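Visitor: Here are the chains, one letter per residue:
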Amino acid sequence: MPNELQFDPDTHTYTINGRRLISVTQALAIADDRRMVDPYYLERGRILHKACEYLDRDELDLETLDDQIRPYFLAYVKFQEDTGFKPDLIELRLSHLTYLYAGTIDRIGDLNGNHVLIDLKSGAPAKADPLQLAAYWELARVNTIPIKRLFDLYLHDDSTYRLVEVVKPKLLLPVFLSALTLTRWRNGL
Amino acid sequence: MENELQEVRKRPLTAPEIKAQVQRIQEVMSAVMERDVHYGTIPGTPKPTLYKAGAEKLCSTFHVGVNPDEIMDLSADDEIRYRVSVKGFYQPNGVLLGVGIGECSSNEEKYKWRKPVCDEEFAETAPDRKREVWKHGKEKPYKAKQVRMNPADVANTILKMAKKRALIDMTLTVTAASDIFDQDIEDLPEGMEMTNGKKPPIQEPQKKKPTEDPPKPPTPGTDRIVTGIDTVTQNPGVNQKTKKPYTLWKLHVGDKEYYTFSDTIGKDAETASQAGLRATIEHKKTQYGQEIVTLTVEEPPEDADAQ
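Chains A and B, in that order, give the protein sequences. Position one of the first sequence corresponds to residue 1 (my numbering), numbered consecutively onward. Position one of the second sequence corresponds to residue 190 (my numbering), numbered consecutively onward.
The set of hints was computed from the structure by calculation and includes no laboratory data. As the structure is a prediction and not an experimental result, all values here were calculated from the model.
Think about it this way: if two alpha-carbon atoms lie no more than 25 Å apart in a straight line, the pair counts; the simulated SDA-like pairs of lysine to any residue are: (1) B:K332 x A:L55; (2) B:K299 x A:L163; (3) B:K474 x B:E459; (4) B:K398 x A:V77; (5) B:K332 x A:Y41; (6) B:K329 x B:P389; (7) B:K332 x B:E321.
So that you can see chain B by itself, here it is in the shape it has in the complex (with noise of 0.2 Å):
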């Protein structure tokens, strides 16, 4: 076992041998490598993901030693970044077996803002050197102020960070157990992680409601209320005079009545006494009571049809 990794470089792997790979690999995890100290499962996602530990666990095991290769200083003003890569070699004869790539800058959200100390720290800071940032809360968004970090600061983390990713890198390559690990969960760009789901539903915004006309002012010497309507009652007639038949028809709202001749109205007016709407009648005072001017009836609410 022990010359394994260079002997699967003199000739394909056959599909047993491959197996046997990952087996070797999973039998480390679960003898030597502890859950949660050499790797862990990010909640949302799919594959464990190796930690720095577990990296060197494996190296150790597959014999591979580690050499840091090359490191690339790209920092900028207000930036520090390293390009760090990572040969891993075979530890009884120096074969090279792999090189592992990581970078790492601060300007990464997680280096390039800090907390303010007080609100004091906070409202001293240069307008371009601090903000306010939605955070995702246990219940709703909230507010987080922020200042910036100085990136000379954290300027050994970063190049600790990316020897650790050119590493785990590397490990991944040489063993090749990508298919058994993620990659540090940590290096996936914002938006590229899964969720598995896991995320609530997010909401459709919906289009404004079309601003309704305002309400006319009532015709002069007339008032006007918005009623639902007891009850209608229709009184066949007629006229003494012209000989023509006509209908009354009686509106009770309450302990009130309104009256009118018009049948287009009455109706209206039963339409919505039996559908339970509200109406705006528009009515006058008469020798013989309310006489009813104008009666229109509310729309019916959206979510009625669905009832």
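The shape of chain A in the complex, shown without the other chains (with noise of 0.2 Å):
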């Protein structure tokens, strides 16, 4: 099928038609050194992110759940209980035919009568998240997923969250599109 976004899991790269596009969350690294952590912190967030996808769909077992992310699950259950928060979109990878970048968002759904895109974070906040939101928010326009409003969900080990909400994403984007064409420069690619 033409124009089908392959995903790699073991390299988190991404593919159309052969051709390599730039991640996100590569094009982000550029912005902000904060973002390389430990791995831990990354490998942490991964297990995290998969627990609330089998939580959405409910297809989580409870009893796996490995006590190091379970006060920042029990965070993500307390935010949809307070709001009501369902999801209709879960980890949607989408790709931008023109910037060729591609990227999963991790929720798009209904929040107080609004269509919006959710992003969870489970360490501390950083410089370049609205930044990440900006691309997000520009891979649903061009795929034609309208967006009413943008959020960052930190996710903290008291099993609180704070939803901060991203503004004026459009003034954002060309410093994140300046982070893509640098990394795109960098690698060669």
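Hints are included, so try docking the two chains, each in its own frame, into the full complex.
Guide: Next comes the structure, spelled out in structure tokens:
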């Protein structure tokens, strides 16, 4: 099938028609070196995402939830209970054929009557987080998915959460595109 | 050496000078500074962390004077927050060497909450001023009760902490010692500390097993057992009336015996018996004994292939 986005989870690379695309995460690494964190936290984030995905798909075996991610997971559950958020798109992989980048959007769904995009975070807020949402906003826009508002959902180790809205993504997008260009230049893509 | 810091600002440092400065700090570390008093290594961090006492020692060694330059009160409702900037100057002539900044807030985790004096205090505290939080235990996580700290009680601590952070920042800057020391590790936000592989691996979550269909009730007039099958025997014969050949299969379960003329059931039973699998046998009493109506072999356990 032409233009079908392929994702290799082992190398975290996206390809389309055999051409490698830059991932949003990869582009942001150049904008914020704090993203080069200890592999433990990357692994914790990956496994937490997986647990939340299984939860939203009603497939999670709760007995298998590791204690190290349980508080963060409970924070996500609490967020859903408090707000009634129900995602209709989960871990959605999208590509941008003009700018040649791709990414996985954590959640898109209805929040208080608005169609919103939510990115889950288990670490400390980073300066580049809003850029990431701007990149996702552009991915959704170009794939004709209407998004009204954008949020980072920070899940904490005390089972609390903080929902932070990112406004005016259009103004942030050029910064992300600059990081994308720099990454492409650096990697010879 | 006394004019070292002043001189280096007049021209770019040469490689030997940079090396000499690092060496000088290391000399101070070994000669004057005491581990765990002036600096220390926090488990899981690659570099030693400079403490306030160590920063003061380095400033003294290099004749760096400290001048708290500006204190910004960024406090809001229910929060005390200070940002302090500190100037470092060369004591003999007052030349500015560098500036450090530091900030501290009573909303930081360690200042925002405290242990209640007793359970009664926790019970009497308003719901929005208390919480139960997961903590890492020695063997497994546990829940701890906490109540909110009164920000005014820690106002002085917050100010001093901001000043301390600014001082350490300035010292690391003017002595170019960041490659030797970390900033005080408490300044690292949650989730940014290096673990150096000391944390245990995290178990992957698993999907729920698909729920099995509830077992159908036995056909009226039959009984059902779930059992392993000891042996299966087959006796070929010929029907006297129809003259057709048949095979009589006999299943032995303990001291009981079940029979069937169905080759399908017989072969399934034989397979189950050889593999040591359990089977659900629905049977009915006839004049010849217990005849098998249906036989369902259970699935082998998931890890059977791995063995």
